[in-house]
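A.B. asks: Those protein sequences? They're chains A and B, same order as listed.
For the first sequence, position 250 (counting from the first letter as 1) is numbered 250 according to this note's numbering, and the numbering increases by one without interruption.
For this note's numbering, count along the second sequence from 1 and bump the result up by 507.
Since the hints were derived computationally from the structure, they do not count as laboratory data.
Treat the hints with care, since some could be wrong.
Straight line, CA to CA, 20 angstroms or less: simulated PhoX-like cross-link-like pairs of lysine-lysine [claimed, not checked]:
#1 A:82 / B:611
#2 B:759 / A:101
#3 A:392 / A:377
#4 B:643 / B:513
#5 A:67 / B:562
#6 A:104 / B:589
#7 B:698 / A:82
#8 A:55 / B:562
#9 B:608 / A:26
#10 A:136 / B:533
#11 B:611 / A:55
#12 A:392 / A:402
#13 A:377 / A:433
#14 A:62 / B:562
#15 A:67 / B:569
#16 B:569 / A:55
#17 A:402 / A:355
#18 B:574 / A:26
Please read these numbers as outputs of a predicted model, since none were measured by experiment.
There are 2 protein chains.
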Amino acid sequence: MAKDNKTAINPRRDEDYPIWYQEVIKAADMAENSDVRGCMVIKPWGYTIWENIQKELDDMFKATGHKNAYFPLFIPLSYLQKEADHVEGFATECAVVTHHKLTKNSEGTLVPDGELDEPLIVRPTSETIIGATFSKWVNSYRDLPILINQWANVVRWERRTRLFLRTAEFLWQEGHTVHATKEEAVDETIKMLGVYRDFAEQVMAIPVITGEKSESERFPGAVSTYSIEAMMQDRKALQAGTSHFLGQKFAKASNIKFQSKDMQEEYAWTTSWGVSTRLIGALIMTHSDDNGLVLPPRIAPAHVVFLPIYKTDEERDTVLAFIEEIRTEIRGLGRYHERHIVADVDDRDMRGGEKNWSWIKKGVPLKVEVGMRDIEKNSLAVLRRDNPELKKDFINRDEFVKNLHATLDDIQKTLFDRAKAFRDENTRTIDDKDEFEAYFTPENKDKPEIHGGFALSHWCGSVQCEDELKDLKITIRNIPLDAKEEAGKCIHCGAPSKRRVVFAKAY
Amino acid sequence: MAKDNKTAINPRRDEDYPIWYQEVIKAADMAENSDVRGCMVIKPWGYTIWENIQKELDDMFKATGHKNAYFPLFIPLSYLQKEADHVEGFATECAVVTHHKLTKNSEGTLVPDGELDEPLIVRPTSETIIGATFSKWVNSYRDLPILINQWANVVRWERRTRLFLRTAEFLWQEGHTVHATKEEAVDETIKMLGVYRDFAEQVMAIPVITGEKSESERFPGAVSTYSIEAMMQDRKALQAGTSHFLGQKFAKASNIKFQSKDMQEEYAWTTSWGVSTRLIGALIMTHSDDNGLVLPPRIAPAHVVFLPIYKTDEERDTVLAFIEEIRTEIRGLGRYHERHIVADVDDRDMRGGEKNWSWIKKGVPLKVEVGMRDIEKNSLAVLRRDNPELKKDFINRDEFVKNLHATLDDIQKTLFDRAKAFRDENTRTIDDKDEFEAYFTPENKDKPEIHGGFALSHWCGSVQCEDELKDLKITIRNIPLDAKEEAGKCIHCGAPSKRRVVFAKAY
């Protein structure tokens, strides 16, 4: 905490969680709203996190045989309409290009001109435009599987937007694959869900539950949708990635056919899967505290920041030279999980306290102060950002370098374990309807976010129960892949049920 | 050449250069036209080249202090209009978003609905939308410089499109910087031009001429524009990157002001600079031959491809195990210029000749065949793609591995030297008007691409001379940065001139 016993972020999490979220983003200088409705500007500190997400995920996609490609930003209206459920899902929120130039009207005002024969939709997702291309690529079973990923921007004209969590334009990756059999396509869908789980847990230190979404929550046009669901610190769930088994629906819509081994013409089976800049929202809300952002080392833009402390020019030279030596030794350690260790020096001319706090608010895993006395003692004043007390440790400089990779691993593990313990503490198996409803009822109406958390309860499978619970803002997050068969009664209507699902309030 | 004495690409370069270009792209499976007018699909082999361009350039940008960020895809019409020359330059070719949803009309047809109060332009470039953001970031001289880069897609509604060279949507990077003084902004403009030169020459093995564009060729709204210009194998020039000094024009348009050290409020000085997927077109046309793509190792999606040759399952196991051993040793060599060496194995079930040619056409730097006899001799049948004769060398396997990095460097150097020699051979200093015009006149009308090449000649500086030469399709590429002051006469009108410029036909 800051000297005056206040936290760096105002309000604190327990005071106003949604505003706290915005303030963390602002304090860490990650992103801001632009003048274009619902579109954000992702600033360098936020964008570098996205770049690190990209690098790590991209390696995982490539290791599982996927290749990147790029498809058009625009989708002809007639393409979007090829799959009925699909167009219905996106029609109400899409940016429509209708003209291809601007001309001055008689009043001298520039107005749209050159009307297109067919409107183009700025992609909200690319199943239909990629499907049209795949239909040309696929002729024989020998052409399958096709395993493609695209990194791109997409646009969904959301009414209410929040930085990272829900924006009109966002950045994402969308995997699109084509298979000869249903089984292979289902396997791919589940495999990529597993890649997302591993990525979320190992790289972002966010524990997630993998499972299938209920029918009403499926991707528009999908046969089945799977998700990874994480718990935020307000105990609400956040869907952090989805993987869709599309059956033959999009293959039929886009005419993706192939000749099978026994010379039959068959429709192919497709999948799609994606994660987006929303992950950065999940990252913020999983680890950050009342002093700002807290970053797992594997995703942090910088691993270490050195703050030199000096009074004279001579001292400055000494301190900077000392830091430079350490940085050289750190470079000599080699890469940390495929990335070079980023160990920056902040020698900006500004108040020490302000500078110090700026790095705490930015969540850099290790902040290291170096002054003349430290050099005398061959010691460093190290702050581990995962320590909520913000306690400095004085560490022998050689030990610091020698143990750096292990320390970063330890921070990574601490953050994951903490998030997992929090989720487990706030997950309850509930079989009683009253208990269930009480669990989701905020004690204080002014703080709707303070409620139980996740409930593992039975659900009969009916849309009606799901809808009625939605009125209480309780949603079915997913049906966990590892849910055991277990006879029970629907928590809402009492009808027989075979397995528990995850209920939660959600983003 | 192929067995029947034909080349793999039909037509050859000397038969029909433009069609040859398209056929190289097709044969290498790099890209194709999509169903959306002017928009291309970049296929994995082409996209990986773009990814490699991104990695290399991004490192260079970061090494010069730039950071990546992301700004909105959409630009409000009123923003684009803030700089008069700028909007004029882009108004005739831009995609205009006018609606934000689709609704069924009375006939049940989906039509655009939800008209926007103000049309949004899909960014053709981002000076105005980024400028609006920068105006909020800049208050004091302490906030400067701002050194930002964005990797993004942009849209310019070009009438005639060609894969990579000119497409309605393309991928690029756009650097945008803000400075306190004119001098710093000019320095930045020239520095980034130098980064582009180094990248083109060292990584893409494309020799370029750096220089300033003439007034009529400036970026819309720029005070001065600089370019790197390369010579393609049809002796035409291709502008491969541009760097713009924007003066205070965009700062005034976007109201980017700061308080100077002596407490004066001043407009800032800005620059912008960009390269795009057009670079891939330059790459193709610089190095490829009549058998397809030829890739410099530093940009190739794969450095080495092993083709196993066997007759029985037992032989297959032996050959693949042998290859796997070599690949392990190659991994042991460490990274080649920051990238892991990509050494793939092509064990597809297809005709040997077809498979062999597929890699020649894809331009992989080293193609290595391995059969039982090679294993006996501890030898490899290696084809260096930079050898136009496609001659196989039998190389001792240990030597191959030991020398791999050096061999790749040698291929890289050979390609650069060859391209530079070609450019130098086809660049002539011309002072005589008749010679000049003859130089640019095709001997054969059916092959307009067969002409002299680059001419270094005097130009008086008048737009009229430039325009009249444009009628002959001769353009001023740039005024080289290293052009000596030298008294002379304009090659067109004979008026006095102080320096030579580069004249060429151009893409």
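A.B. asks: With reference to the structure, classify each hint as holding or not holding.
C.D. replies: So, going through the hints one by one against the coordinates:
no. : hint          : in the structure
1   : A:82 / B:611  : holds (15 angstroms)
2   : B:759 / A:101 : violated (25 angstroms)
3   : A:392 / A:377 : holds (16 angstroms)
4   : B:643 / B:513 : violated (62 angstroms)
5   : A:67 / B:562  : holds (16 angstroms)
6   : A:104 / B:589 : holds (15 angstroms)
7   : B:698 / A:82  : violated (50 angstroms)
8   : A:55 / B:562  : holds (11 angstroms)
9   : B:608 / A:26  : violated (31 angstroms)
10  : A:136 / B:533 : holds (14 angstroms)
11  : B:611 / A:55  : violated (42 angstroms)
12  : A:392 / A:402 : holds (19 angstroms)
13  : A:377 / A:433 : violated (63 angstroms)
14  : A:62 / B:562  : holds (16 angstroms)
15  : A:67 / B:569  : violated (26 angstroms)
16  : B:569 / A:55  : holds (16 angstroms)
17  : A:402 / A:355 : violated (27 angstroms)
18  : B:574 / A:26  : holds (18 angstroms)
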